[in-house]
Structure formats: C-alpha cells, structure tokens
Amino acid sequence: MKVQFSDVSMRFGAMEVLQHVTLGAEEGEFLCIVGPSGCGKSTLLNIAGGFLAPGSGSVTIDGEPVTAPDRRRIFVFQERGVFPWLTVEGNIGFGLFDMDEAGRAARVAQYIDLVGLKGFEKSYPRELSGGMKQRVEVARALAVNPDVLFLDEPFGALDSITRLQMRSELLRIWRAERKTVLFVTHDIEESVQLADRVVVMSARPGRIRRVVDIDIPHPRDLSSRRYIELRDLIFGEIGLAHQV
Amino acid sequence: MSRSRLLPLTGIAVALAAWQIAIMLRPSLIPGPIAVARGIGELAVRGLLVKYVVASLFRVTWGYLAALVIAIPLGLLLGMVRIGEMAANPILQILRPISPLAWIPIAILWFGVGDVSAIFLIFLAALLPMTVATMNAVHNIDPVHLAAARNFGIPLRARMRDVLIPAILPQLIVAMRIALGVAWLVVVAAEMIAVNSGLGFLIVDARNAGNRYDLVVAGMVLIGLVGIVLDLLMRRLERLDSVRWGYASE
Amino acid sequence: MGAAMRSPRIQHSTFNIEHSTLRFVLPIITAAIGIILWSVAVKASGTKIFPTPAAVAKAITTLAEKSLLWRYIADSLTRVFAGYFAAILIGIPLGFLLGWYAPLARAINPLIQMLRPISPLAWMPLAVIWFGVSNAAPIFLIFLASLFPIIVAAMNGVRNVPPMYLQAGRNFGLSTPQLMRRVMIPAVLPRIIVGLRLAFGIAWVVLVAAEMIAVDSGLGYLIIDARNAGKRYDLVVAGMLMIGLIGLLLDTAIRKVEVWISD
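Protein chains in written order, with the working numbering: chain A, 1 to 244; chain B, 1 to 250; chain C, 1 to 263.
Be a bit skeptical, because a hint or two may be false.
Pair by pair, the computed Cβ-Cβ distance ranges are [to be verified]: (1) Asp241/B to Ser262/C: 34 to 44 Å; (2) Tyr165/C to Leu65/B: 43 to 53 Å; (3) Asn140/B to Ala68/A: 22 to 32 Å; (4) Asp142/B to Ala68/A: 12 to 22 Å; (5) Arg170/C to Ala68/A: 54 to 64 Å; (6) Thr67/A to Met160/B: 19 to 29 Å.
Interface residues of chain A toward chain B, partial, derived using beta-carbon atoms under 10 Å [unchecked claim]: (7) Pro65; (8) Ala68; (9) Val144.
To give an idea of the chain C side of the interface with chain B (calculated C-beta under 8 Å), a few residues [what the hints assert, rightly or not]: (10) Thr30; (11) Ala32; (12) Arg106; (13) Pro110; (14) Leu111; (15) Met114; (16) Ile118; (17) Ala229; (18) Gly230; (19) Tyr233; (20) Val236; (21) Gly244.
Since the hints were made in silico from the structure, they are not lab data. For glycine and all other residues, C-beta sits at the position ideal for the given N, C-alpha and C.
My request is simple: use the sequences and hints to build the entire structure.
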C-alpha cells in the first residue's frame with residue numbers, strides 16, 4: 001500500500017471526529033473519500049498530509065510514518081491556495097527552489113502546458129477565473145513531482161459547468177503522471193466520475209461505511225447503466241432517497 | 001475638460017470664491033485667497049518657501065524611517081509569536097491614546113529643544129500605529145498560504161521572506177501611508193513648539209512676529225498641499241503588481 | 001482544508017501556546033517587568049528630574065486628594081465630548097449627503113483632502129481669532145480633528161450599503177424618505193460605528209495638543225504646566241498615564257456600544 005491509515009482516531013474536544021479508520025490506497029490509485037459534512041474526511045486528509053497529528057493510530061506513506069508536512073505529498077487546496085502576489089509562473093515554480101534557473105523554467109513551462117494555461121505565464125491570479133486558478137494549483141503541486149496528491153474539495157468553489165470541465169481536465173492530467181491521489185468530496189457524482197475506488201464515510205462519529213470499487217473504464221459514460229448503479233449504491237449507503 | 005475633472009475643480013473654485021466673498025463682506029484679520037497667494041509668492045521670493053518645506057520634510061523623513069525600521073520587525077515578531085502579542089497588546093493599547101505631543105516635555109528633557117526632539121516626536125507618532133498594523137497584518141494572513149509553504153518544504157527563514165512578507169505587503173503599505181499622514185500632522189505641531197524652521201514654525205512665527213495672518217494661512221495651505229502630495233505618492237506604491245492583489249474592488 | 005485548518009494544532013504563528021489565563025497574566029508580568037526596568041533605569045542614571053514609577057503613583061494620589069485630578073479630568077472630558085458631538089452633528093449629515101450624491105462627493109473631496117493633512121494645532125491662530133482665548137478654542141480644534149474622519153466614515157458607510165437592500169426597499173414601494181429611514185440608516189449604523197470610534201480616538205489625542213495652548217485646566221494643560229512651572233516630571237508622566245488609561249477606557253466603552261448595536 002502506498003498510503004496506509006491504521007486505526008486512526010481523532011477527537012476535537014468532546015466530538016469524536018474519526019473513529020478507528022483503517023484504509024489503504026495503492027500506488028497510482030485515484031481514491032475518493034465521500035461523505036456528509038462532519039464525517040471527518042477533511043480531517044483524515046490533513047492527518048495524511050502531516051498537518052494534524054491523529055489522536056491515536058498512524059498513517060504511513062511508503063512505510064514511513066507521517067509526522068509533518070513534506071514535499072513528497074502535496075496538498076491542493078481550493079483555488080485560494082494560489083499565492084496572489086506571484087504570477088502563474090511564479091506560483092508553479094514555487095516549490096522548485098533547489099533547481100537551477102534553466103531547469104526550473106523548463107519544468108514550469110512543461111506544467112503550464114500540461115494544465116492548459118499556455119499564454120498566461122505572466123498573469124496574476126486576480127486576472128484568472130476560478131477554474132484557471134485551480135489549474136495553477138494543480139500544476140504547482142505536480143511540478144515538484146510528489147508521490148501523493150491530496151485534494152480537498154478542490155472544485156467546491158467553482159460553478160457546476162466549470163466543475164464538469166475541471167473533472168475531465170484533472171483526469172487527463174492525472175493519466176499523464178499517474179500519481180496516487182486522495183480526493184475528498186461531498187459530491188457523490190463527482191466521486192463516481194473520478195475514482196478507482198470510493199470510500200463512503202458516515203458522520204458523527206466519522207467511520208468508513210463501505211469501500212466501493214468503480215470498475216468502469218475511462219472515459220466514463222454518465223448515462224451508462226453501471227455508472228448509475230454504482231452511483232445509486234452510494235446514495236443508498238449514505239441514506240439518501242433518490243428523489244427531489 | 002474631462003467630466004471627472006470638472007466637478008472637483010468646480011468645487012475648489014466655488015470654495016475659493018465663497019472664501020473671498022466672505023472676507024470682503026466681513027473684513028477681519030483672516031486673509032482671503034488672493035492675499036494668501038501673495039503670501040506664498042512672498043515666501044518664494046524670500047527663499048523661505050523651499051527652505052521651510054525642506055526642513056519639515058527632513059524631520060518627517062528621519063522620524064518616519066526610524067519608526068519603520070523598528071516598527072516593522074517588532075510588529076512581525078509580535079504577530080508571529082503569540083505570547084509576544086498577548087503580553088504586549090494591553091500596553092500598546094494604553095500607549096495609543098497618548099498624543100505624541102504629550103511626550104514633548106520628556107523629549108525636551110532627553111534631547112533638548114531642537115531638531116532631535118521634533119524627530120523623536122515624529123518617530124513616536126509613527127511607531128505605534130505601524131507596529132500594531134504590522135502585527136494585525138500578520139494575524140490576518142490566510143493560514144492556507146503558510147500551510148502550503150510548509151508543504152513544499154520551505155525552511156522557516158525562506159517562509160518569512162517569500163510568503164509572510166509578500167502576504168502582508170498590501171496591508172503594510174496602507175499602514176505606511178496612514179503613518180506618514182500622522183507623521184506629517186505631528187511634524188507641524190512639533191515645529192510649533194520646539195524648533196526655528198519649517199512650516200509649523202512659520203505659522204507660529206508669522207503670527208507672533210507681526211500678525212502676518214496671510215503667512216499663517218499660506219503656511220496652512222502649503223501644509224495641506226505637501227500632505228496631499230505625500231499621500232498620493234504612497235498611493236502609487238499600492239499600484240505595484242505584487243501588491244495590487246491585496247486591495248478589494250479592482 | 002475547512003474545519004481542520006481552524007483546529008488548535010494548526011496555527012499561523014510559529015509557537016503554539018494558547019491559554020486564556022496566559023492572556024491575563026502575561027501583560028501583568030510584562031508591565032511589572034517594565035516598571036521594574038523603569039525604576040532601575042531611573043535610579044541607575046542618577047537623574048534628578050525623571051520620575052520613578054513610585055513617584056508617579058504618589059503624584060497621582062496627591063492630585064486626587066487635592067481634587068485637582070477630578071477637575072482636570074472633568075474639564076478634559078467636557079471639551080472632548082463637546083467638540084466630538086459637534087463634529088457628529090455636522091459630520092454625519094454631511095457625510096450622508098456626500099455618500100448619497102456622488103457628484104457632490106467628487107466636487108467636495110479635494111477640499112477634504114486638502115484640509116485633512118493640516119494639523120489641528122495649525123488652526124490654533126485662526127481659532128484664537130474666532131473664539132478668543134477661552135474654552136471654545138480647544139473645543140473647536142477637537143471639532144475639526146474629529147470632523148474629517150466622521151465625514152469620511154459616514155460617506156463610506158452610505159456608499160457601502162449593499163445596493164440590493166435599497167433595491168429591495170424600492171421593490172416594496174418605499175419612497176425616498178422612507179427608504180432613508182427604514183433601510184439606509186439601520187444598514188449604515190453598524191458600519192459607521194467603527195469609524196466613529198476611531199474618530200473619538202483622534203479627538204482624544206488632539207485634546208492633549210489643544211489643551212497645551214490657551215487654557216488653564218485639563219490633562220494636557222497639566223502636562224505642559226507641570227514642566228513649565230517647576231519641572232515636575234512626576235506630574236508629567238502621571239498626566240500621560242491618565243490620558244492613556246482614560247483613553248483606553250473610553251475606547252473600550254465605545255467598543256461595547258459597537259457590539260451592542262450590531263445585535
């Protein structure tokens with residue numbers, strides 16, 4: 001297992017946010033964690049990223065226990081993680097401080113190309129749309145060649161049309177590099193569209209209810225029977241009637 | 001003449017006209033705009049215009065820069081170290097309402113009457129607001145940015161240099177502009193009390209040495225003009241690309 | 001990162017201590033250290049003039065006993081309130097007008113920008129001409145000093161009322177006076193209060209300067225007089241301390257009003 005959560009529990013004051021979570025992610029896997037608010041999914045990610053210490057239990061990446069943030073596992077926030085005082089170039093090159101000038105420029109150019117932001121090298125984040133800023137953040141994360149990527153509801157602040165576009169973009173970019181991805185979302189459809197496996201969590205206390213294998217090959221047809229089956233399965237797990 | 005310039009100019013023109021008329025209707029010691037303009041001309045001819053403006057600016061510059069040199073690092077420290085802020089804050093809050101001018105007796109005690117006293121007062125006036133503003137700016141940093149920096153393995157000193165400072169720069173520059181305004185205000189007051197050159201001195205001296213109220217008001221006008229120029233210059237800093245992002249409503 | 005970013009473990013400060021009793025105890029410790037250092041410095045330098053903390057405390061109690069203290073405080077407070085409220089009476093309506101009618105604001109703005117950098121003290125000669133050497137002159141200076149921040153606060157308050165409030169008001173058929181009364185004023189009030197508090201802070205600071213010239217009572221007067229009439233620096237520092245404390249008290253009081261209003 002690339003990433004292994006072993007019996008992780010966490011309390012915030014009197015609230016038990018995570019309870020005995022054991023979960024493994026394989027190398028190169030796209031793993032989605034879904035659940036209602038308060039199920040601890042963001043907390044789980046933060047623990048994996050080394051930003052939080054678990055109350056009990058541990059997380060290991062490649063066998064090494066996680067104790068602090070590290071550049072081998074990069075967190076992608078919502079687009080507000082982008083540094084507003086740096087250009088697109090500056091942002092993407094941010095983690096490459098120990099490369100020489102030429103190497104850095106080449107790497108930056110490569111990732112600008114990959115995320116489709118060619119022509120915007122010298123633009124500032126305030127001149128970009130939400131989706132574009134998100135791409136900058138993904139590029140910045142990938143540029144340092146991490147082993148694992150954590151994404152915490154990265155498309156949450158985008159409108160739904162942009163969200164759909166960004167999902168295909170993310171898959172395209174992911175396929176180019178095949179990093180291990182842990183992706184947290186509250187959007188069930190999103191999880192079925194993106195993930196190899198979906199971890200369904202319940203809230204209060206945060207526990208894993210079920211892990212669902214998404215065995216549909218990419219590109220996924222959103223009207224295919226299997227897609228709808230899996231999606232409804234997860235809806236059912238979460239306890240939602242599928243009507244409005 | 002573009003429409004946006006017309007209104008302000010009209011406003012000024014109307015005010016000047018009203019002033020002139022008021023003086024003509026009810027003559028008093030206070031001069032009208034024309035007399036004031038002549039007063040400014042007189043100062044220019046006597047070579048005092050430039051001399052006094054420069055003297056005042058000189059004092060402001062020294063006091064202001066000295067304040068920045070201490071306030072910014074101090075504010076950074078207090079902002080980053082929680083204990084520091086908790087310890088110092090109440091004391092800062094007590095010092096804040098005390099007018100810099102209340103320090104005049106102490107300034108004179110320590111530095112005597114003269115330039116150094118005036119510069120000290122300006123230093124004091126700018127120091128506190130700058131420190132508090134820097135401290136607050138550090139507190140208002142989006143924690144996401146610092147977390148991202150840690151994520152990428154940036155060491156502490158580089159984090160301060162490459163993330164902390166750029167992140168607080170917009171707020172810092174606004175605070176610097178306001179502090180400069182305060183410094184300019186105080187220099188005038190300081191000069192009325194403790195020195196013998198400069199615009200503040202001009203006002204006091206013109207009145208004492210012969211009721212030259214045209215020069216008094218001329219001095220006030222010059223103070224206002226230089227103040228505006230200083231403010232505008234600082235505002236230009238706010239338009240730098242690496243800082244513009246910090247101001248809402250672009 | 002959501003809620004996790006706000007958990008106690010992730011701080012934007014480099015040191016992670018957070019304890020509510022520390023908040024109380026630390027400043028007291030710092031103040032105590034400060035006072036001790038002050039005392040030591042004074043004794044070590046052998047100055048005959050600069051007071052020790054003990055001397056300052058004694059000065060304050062003497063003043064209190066002679067009831068001069070209360071008279072001075074009362075006089076200072078009267079002046080500051082008079083000037084400040086005069087500024088509110090004129091500044092708020094004026095600011096509202098400027099905020100409501102943008103062209104008016106554009107016309108008058110340069111004047112405001114011109115007058116603002118002029119220290120209230122610079123107006124003193126004019127003030128003396130208009131009001132003579134009396135209580136009115138310092139009150140006028142305080143009025144002037146508070147006026148500009150109040151105008152600007154009122155103006156910005158009106159400008160920043162979300163247009164959708166006014167649209168909703170019109171939608172429900174309110175006439176302009178009704179709109180003002182039922183929508184704008186309640187919407188503006190919490191927004192102005194911060195500006196009013198800052199303006200009061202300015203008024204308080206200017207008070208000291210104003211009292212340094214042409215009056216014979218008050219905390220500012222105390223400071224200047226104590227020095228001139230006999231190098232009584234213990235009174236000077238006592239005056240400064242009281243100015244700081246009272247200023248802080250008043251500021252805190254207004255903050256409470258702020259909180260109360262925004263409920």
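These are the hints, each one checked on the structure:
The hint said 34 to 44 Å for the Cβ distance between Asp241/B and Ser262/C, and at roughly 36 Å that hint holds. The hinted range of 43 to 53 Å is satisfied by Tyr165/C and Leu65/B, whose Cβ atoms lie roughly 45 Å apart. Separation of Asn140/B from Ala68/A is about 25 Å and conforms to the stated range, judged on CB atoms against 22 to 32 Å. Here the CB-CB span from Asp142/B to Ala68/A is close to 20 Å, well matched to the stated 12 to 22 Å.
For the hinted restraint 54 to 64 Å between Arg170/C and Ala68/A, the CB-CB distance of approximately 57 Å keeps it satisfied. Our hint of 19 to 29 Å for Thr67/A and Met160/B holds, since their Cβ atoms are close to 23 Å apart. At about 17 Å, the closest approach between the beta carbon of Pro65/A and any beta carbon in chain B exceeds 10 Å, and the interface hint on this residue is violated. Contact between Ala68/A and chain B, as hinted, is supported at the beta carbon level, the nearest pair being about 8 Å apart and thus within 10 Å.
Taking 10 Å as the C-beta cut-off, the interface hint given for Val144/A holds, the closest approach to chain B being about 6 Å. Using the Cβ-Cβ criterion of 8 Å, the hint placing Thr30/C at the interface with chain B is satisfied: the shortest such distance is roughly 4 Å. Contact between Ala32/C and chain B, as hinted, is not supported at the beta carbon level, the nearest pair being about 11 Å apart and thus beyond 8 Å. Restraint check, Arg106/C versus chain B: the minimum CB separation of about 4 Å is within 8 Å; hint holds.
Checking Pro110/C against chain B: minimum C-beta separation of about 5 Å stays under 8 Å; hint holds. Nearest Cβ of chain B to the Cβ of Leu111/C: about 6 Å, under the 8 Å cut. The hint holds. The criterion of a C-beta within 8 Å of any C-beta in chain B is met by Met114/C, whose closest approach is roughly 4 Å, and the hint holds. A least Cβ separation of about 5 Å between Ile118/C and chain B falls short of the 8 Å threshold, and the interface hint therefore holds.
The closest approach between the C-beta of Ala229/C and any C-beta of chain B is roughly 11 Å, which is over the 8 Å cut-off, so the hint fails. The closest approach between the C-beta of Gly230/C and any C-beta of chain B is roughly 12 Å, which is over the 8 Å cut-off, so the hint fails. Proximity of Tyr233/C to chain B holds as hinted, the smallest CB-CB distance being about 7 Å (cut-off 8 Å). Interface restraint check: Val236/C against chain B, minimum CB-CB distance 5 Å, threshold 8 Å, status holds.
Because the beta carbon of Gly244/C sits about 4 Å from the nearest beta carbon in chain B, less than 8 Å, this interface hint is met.
Figure legend: structure checked against the earlier numbered hints; hints not met, in rising order: 7, 11, 17 and 18.
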